[in-house]
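Protein chains in written order, with this note's numbering: chain A, 90 to 495; chain B, 90 to 495.
Source of the hints: derived by calculation from the structure; they are not laboratory data. From a predicted model like this one, the values you see are computed outputs, not experimental measurements. Positions of the beta carbon are idealized from the N, C-alpha and C atoms, including for glycine. There could be a bad hint or two in this list.
[As the list claims (entries may be wrong)] With a straight-line Cα cutoff of 25 Å, these simulated DMTMM-like cross-link-like pairs (lysine to aspartate or glutamate) come out: (1) B:K197 x A:E177; (2) A:K380 x B:D199; (3) A:K420 x B:E383; (4) B:K480 x A:D226; (5) B:K420 x B:E267; (6) B:K480 x A:D483; (7) B:K420 x A:D483; (8) A:K197 x A:E454.
[Stated by the list, open to error] To list a few chain B residues with every Cβ distance to chain A over 10 Å, as calculated: (9) D163; (10) R172; (11) D181; (12) D199; (13) V203; (14) S283; (15) Y414; (16) T443; (17) D483.
[What the hints assert, rightly or not] Listing some non-contacts, in silico: residues in chain A with all C-beta distances to chain B over 12 Å: (18) M139; (19) R147; (20) R179; (21) A378.
Number of protein chains: 2
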Amino acid sequence: MRIAVLGGDGFVGWPTSLHLSDLGHEVHIIDNLSRRWIDAELGVQSLTPMDSIQERCRIWHEVTGRKLHFHLLDIAQEYERLRGWLSETRPDAIIHFAEQRAAPYSMKTDRHKVYTVNNNVNATHNLLAALVETGIDAHLIHLGTMGVYGYSTVGAAIPEGYLEVGIETMDGRNVSQEILYPTRPGSVYHMTKSLDQILFQFYAQNDGLRITDLHQGIVWGTHTDQTRRHPQLINRFDYDGDYGTVLNRFLIQAAIGYPLTVHGTGGQTRAFIHIKDSVRCVELALGDAPKAGERVKIFNQMTETHRVRDLAEMVAQRAGGSVAYLPNPRKEAAENDLVVRNEQFLALGLEPTTLAEGLLDEIVEVARKFAHRIDRKRVPAVSAWTRELAKLVDTDPERTRLRSVS
Amino acid sequence: MRIAVLGGDGFVGWPTSLHLSDLGHEVHIIDNLSRRWIDAELGVQSLTPMDSIQERCRIWHEVTGRKLHFHLLDIAQEYERLRGWLSETRPDAIIHFAEQRAAPYSMKTDRHKVYTVNNNVNATHNLLAALVETGIDAHLIHLGTMGVYGYSTVGAAIPEGYLEVGIETMDGRNVSQEILYPTRPGSVYHMTKSLDQILFQFYAQNDGLRITDLHQGIVWGTHTDQTRRHPQLINRFDYDGDYGTVLNRFLIQAAIGYPLTVHGTGGQTRAFIHIKDSVRCVELALGDAPKAGERVKIFNQMTETHRVRDLAEMVAQRAGGSVAYLPNPRKEAAENDLVVRNEQFLALGLEPTTLAEGLLDEIVEVARKFAHRIDRKRVPAVSAWTRELAKLVDTDPERTRLRSVS
Ligand SMILES: NC(=O)c1ccc[n+]([C@@H]2O[C@H](COP(=O)([O-])OP(=O)(O)OC[C@H]3O[C@@H](n4cnc5c(N)ncnc54)[C@H](O)[C@@H]3O)[C@@H](O)[C@H]2O)c1
Ligand SMILES: NC(=O)c1ccc[n+]([C@@H]2O[C@H](COP(=O)([O-])OP(=O)(O)OC[C@H]3O[C@@H](n4cnc5c(N)ncnc54)[C@H](O)[C@@H]3O)[C@@H](O)[C@H]2O)c1
């Protein structure tokens with residue numbers, strides 16, 4: 090297949106591109122490299138030394154003989170070029186990773202909120218409008234998030250995308266209707282994914298676009314079978330307070346002797362998936378496209394759930410380190426349960442990679458190896474959801490150390 | 090009160106501005122005049138001769154002694170200027186009309202789709218981000234539409250914004266949860282209003298913004314008590330296939346002896362409200378603001394529903410003319426029932442202006458008076474929802490005439 094990977098220079102997009110190329114597909118990476126610019130803006134860098142995308146593509150070709158095509162293109166800002174590229178290349182499938190993906194970054198300032206909404210909504214909508222206009226019947230696979238449900242989880246298992254509700258009609262009957270599972274996103278970033286869902290619903294219904302939306306949990310890990318093949322194929326690894334996600338962040342904190350920072354009581358339960366499973370899920374979804382006219386296919390792309398404080402205690406025990414409980418800069422329920430259905434991927438053959446398999450040690454190793462590249466001041470999460478919460482945020486690593494000792 | 094009317098140069102925004110000014114409020118109109126530019130793009134004009142906004146404000150001052158302040162500002166594209174203006178002016182309330190509002194225009198080409206999403210989502214989101222950033226606790230009143238529900242009406246009365254659904258929990262209990270009434274918009278325009286709802290839900294919840302969303306029916310009529318006070322205060326009146334909405338369009342067609350064009354079987358039921366009631370509803374909503382921390386207040390702003398073909402027959406009988414049944418360029422259910430709750434506005438004192446009150450004649454009169462300004466070629470609706478539907482659209486007024494005779 091000819092596959093376009095939008096956002097293919099990113100943390101999940103890069104190993105996905107390699108995985109699909111390895112399977113023999115013709116892979117085209119489209120990226121505006123905004124994520125590298127954001128590293129520059131924040132004054133941080135990937136824990137792992139990351140070559141330019143052009144260089145990484147060259148190495149992949151050297152190592153495997155396979156070609157990766159890279160196109161510098163902003164899909165949110167350059168509609169005409171996107172449409173032109175699509176009608177020239179006519180991909181069979183499109184994997185869409187190209188969005189600003191950090192909740193804390195999306196809540197930093199008004200500028201970051203405005204950027205995130207503008208970038209993400211236009212990225213997704215431009216793509217949909219261009220597919221309709223060019224008449225290309227590609228299977229579109231989008232990366233969404235479990236986080237869209239946010240506040241709306243009530244101790245029920247989250248089904249894969251849809252909910253049957255009973256509605257009482259005028260003449261007293263009770264009609265059952267299928268609706269998108271109600272969302273109640275907790276950050277501007279998560280909100281944009283909730284907006285995406287409505288865009289998909291419309292274009293599937295009006296234009297018969299074939300769309301799969303993968304509601305992904307937090308991705309952890311760093312290596313896949315392909316990124317391991319050469320040191321310069323190594324994946325990016327975010328550790329900073331904005332882009333570093335919870336499990337990976339704990340592992341790095343443990344590796345460098347920084348207290349594991351838990352927000353609030355750590356009572357939030359989150360869904361997780363290893364990067365190896367994430368790329369495999371995309372492969373499985375590719376083989377299971379909806380037909381034109383069908384509703385959007387929604388998968389929950391996760392393999393396990395954990396309570397944040399349990400994770401912290403587990404990592405602290407295994408890899409060493411202490412746990413520091415800090416005020417939560419996010420506005421969210423202090424404690425929540427989360428049960429997620431993922432039967433669809435299991436039925437398609439996914440074999441989950443779970444936490445207990447030595448992979449934790451592997452990451453701590455990576456972190457130790459590149460520990461000299463870490464700026465400790467960038468580890469704390471400083472983006473607060475509201476002005477009141479901002480007052481609670483303490484950015485001094487030294488005080489964090491003391492707190493965890495006391 | 091100091092009130093900002095965003096989109097105050099438009100069909101509903103202008104009479105609302107006059108009404109609020111007349112009540113003694115300090116009114117600031119913000120508009121980028123994009124609607125006037127779209128008239129130029131489409132090569133059409135308001136049926137009624139409309140002066141520049143500056144001239145209209147000058148006349149209002151002359152007639153009433155009251156000042157209207159006009160600011161040329163694009164709220165979707167000029168975030169910094171919007172924020173600056175807000176923090177200088179610090180309005181007590183903001184009425185937000187500033188969106189691209191025609192469903193047919195939003196479906197014309199990919200460029201129009203992209204424009205509509207970009208303009209409407211950024212307009213609303215910029216406003217929300219700027220309110221949080223400036224810390225202005227203004228009551229935000231937004232004009233939404235009944236059309237967000239689209240396909241999702243199932244013979245049940247549409248409640249005012251929310252629905253209680255039962256969700257089965259893991260431990261077998263059935264928990265009731267309140268959700269936004271599920272939407273299933275039928276055009277890109279309607280889709281943007283569904284996106285707006287999610288933006289509002291988030292900012293009310295995260296930042297305590299006080300928001301009222303008015304889900305309005307199709308507005309008909311043209312004069313209000315204030316626009317009547319001087320010929321140059323006359324409201325705009327759209328008759329073209331993109332912006333002319335159904336009842337007003339029938340009345341114009343009747344006035345100029347053009348067949349009343351009904352799409353499909355005309356079996357769609359729509360909700361309506363007269364322009365006089367529309368401006369009154371805004372006044373009522375202003376007096377009934379939600380408190381910080383409360384959910385978004387949603388009103389159904391309509392007074393009656395009618396089936397399109399019944400309306401056509403009624404107008405044809407009253408004002409003369411024939412009815413032509415044309416293929417429907419929209420993708421929608423051929424027949425639908427629509428029952429809408431509007432108890433909230435009735436409880437606040439709204440006294441509905443209904444169809445039977447001689448107002449139809451008034452509009453036919455306006456149409457006859459300015460009939461020489463009508464370009465008959467612009468009357469048919471030519472924007473089609475999909476490529477297949479586009480093949481059915483016939484834009485020749487002569488053939489329409491023959492068809493209605495045969
Ligand atoms: N990493 C996770 O834990 C996780 C969890 C759930 C969902 N997701 C989703 O998966 C996707 C990929 O996540 P990631 O961790 O790889 O993020 P990332 O930031 O590392 O990668 C995103 C890539 O998209 C590019 N991009 C952004 N906007 C673009 C635009 N307008 N035009 C072209 N390219 C653009 C960026 O430059 C970057 O290379 C995202 O949509 C994210 O929301 C990620
Ligand atoms: N007219 C109806 O029947 C109807 C029905 C339901 C809901 N509504 C809603 O009511 C609102 C007003 O409708 P209308 O009929 O008066 O439409 P309109 O097009 O006549 O007025 C909208 C005004 O907003 C301005 N505008 C648009 N984008 C802007 C931007 N980015 N910055 C600044 N100004 C901008 C336009 O120039 C125009 O003057 C719309 O939001 C519409 O969706 C209208």
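Results for each hint:
Straight-line distance between C-alpha atoms of K197 of chain B and E177 of chain A comes to about 23 Å, which keeps the hinted pair within the 25 Å bound. Of the pairs offered as hints, the one joining K380 of chain A and D199 of chain B holds, with about 23 Å between alpha carbons and a cut-off of 25 Å not exceeded. For the given pair, K420 of chain A sits about 16 Å from E383 of chain B by alpha-carbon distance, which is consistent with the 25 Å threshold. Between the alpha carbons of K480 of chain B and D226 of chain A the distance comes to roughly 20 Å, so the proposed pair stays at or under 25 Å and holds.
For the hint linking K420 of chain B to E267 of chain B, the alpha-carbon distance of about 30 Å lies beyond 25 Å, and the restraint is violated. Of the pairs offered as hints, the one joining K480 of chain B and D483 of chain A is violated, with about 63 Å between alpha carbons and a cut-off of 25 Å exceeded. For the hint linking K420 of chain B to D483 of chain A, the alpha-carbon distance of about 54 Å lies beyond 25 Å, and the restraint is violated. With a C-alpha separation of about 31 Å, the suggested pair K197 of chain A and E454 of chain A falls outside the 25 Å cut-off, and the hint is violated.
Remark: the non-interface label on D163 of chain B is consistent with the geometry, its nearest Cβ contact in chain A lying 14 Å away (cut-off 10 Å). The non-interface label for R172 of chain B is inconsistent with chain A: the shortest C-beta to C-beta separation is roughly 7 Å, within 10 Å. The beta carbon of D181 of chain B sits about 21 Å from the closest Cβ of chain A, which is more than 10 Å, so the claim that it is off the interface holds. The Cβ of D199 of chain B does not lie farther than 10 Å from every Cβ of chain A; its closest approach is about 4 Å, which violates its non-interface assignment.
Distance to chain A contradicts V203 of chain B as a non-interface residue, since its nearest Cβ pair spans about 5 Å, not more than 10 Å. Separation of S283 of chain B from chain A is inadequate, the least Cβ-Cβ distance of about 5 Å not exceeding the 10 Å criterion. For Y414 of chain B, the condition that its CB be more than 10 Å from all CB atoms of chain A holds, with the nearest at approximately 23 Å. Against the 10 Å criterion, T443 of chain B stays outside the reach of chain A, whose nearest CB is about 21 Å from its own CB.
Once the 10 Å rule is applied to beta carbons, D483 of chain B is consistent with being away from chain A; the minimum gap is 22 Å. For M139 of chain A, the requirement that its beta carbon stay farther than 12 Å from each beta carbon of chain B is met, with the minimum near 32 Å. Distance check for R147 of chain A against chain B: the nearest CB is about 35 Å away, which clears 12 Å, and the non-interface claim stands. The claim that R179 of chain A is not at the interface with chain B holds, since no C-beta of that chain comes within 12 Å of its own (minimum 17 Å).
Here A378 of chain A stays apart from chain B, with its beta-carbon at least about 21 Å from theirs, past the 12 Å limit.
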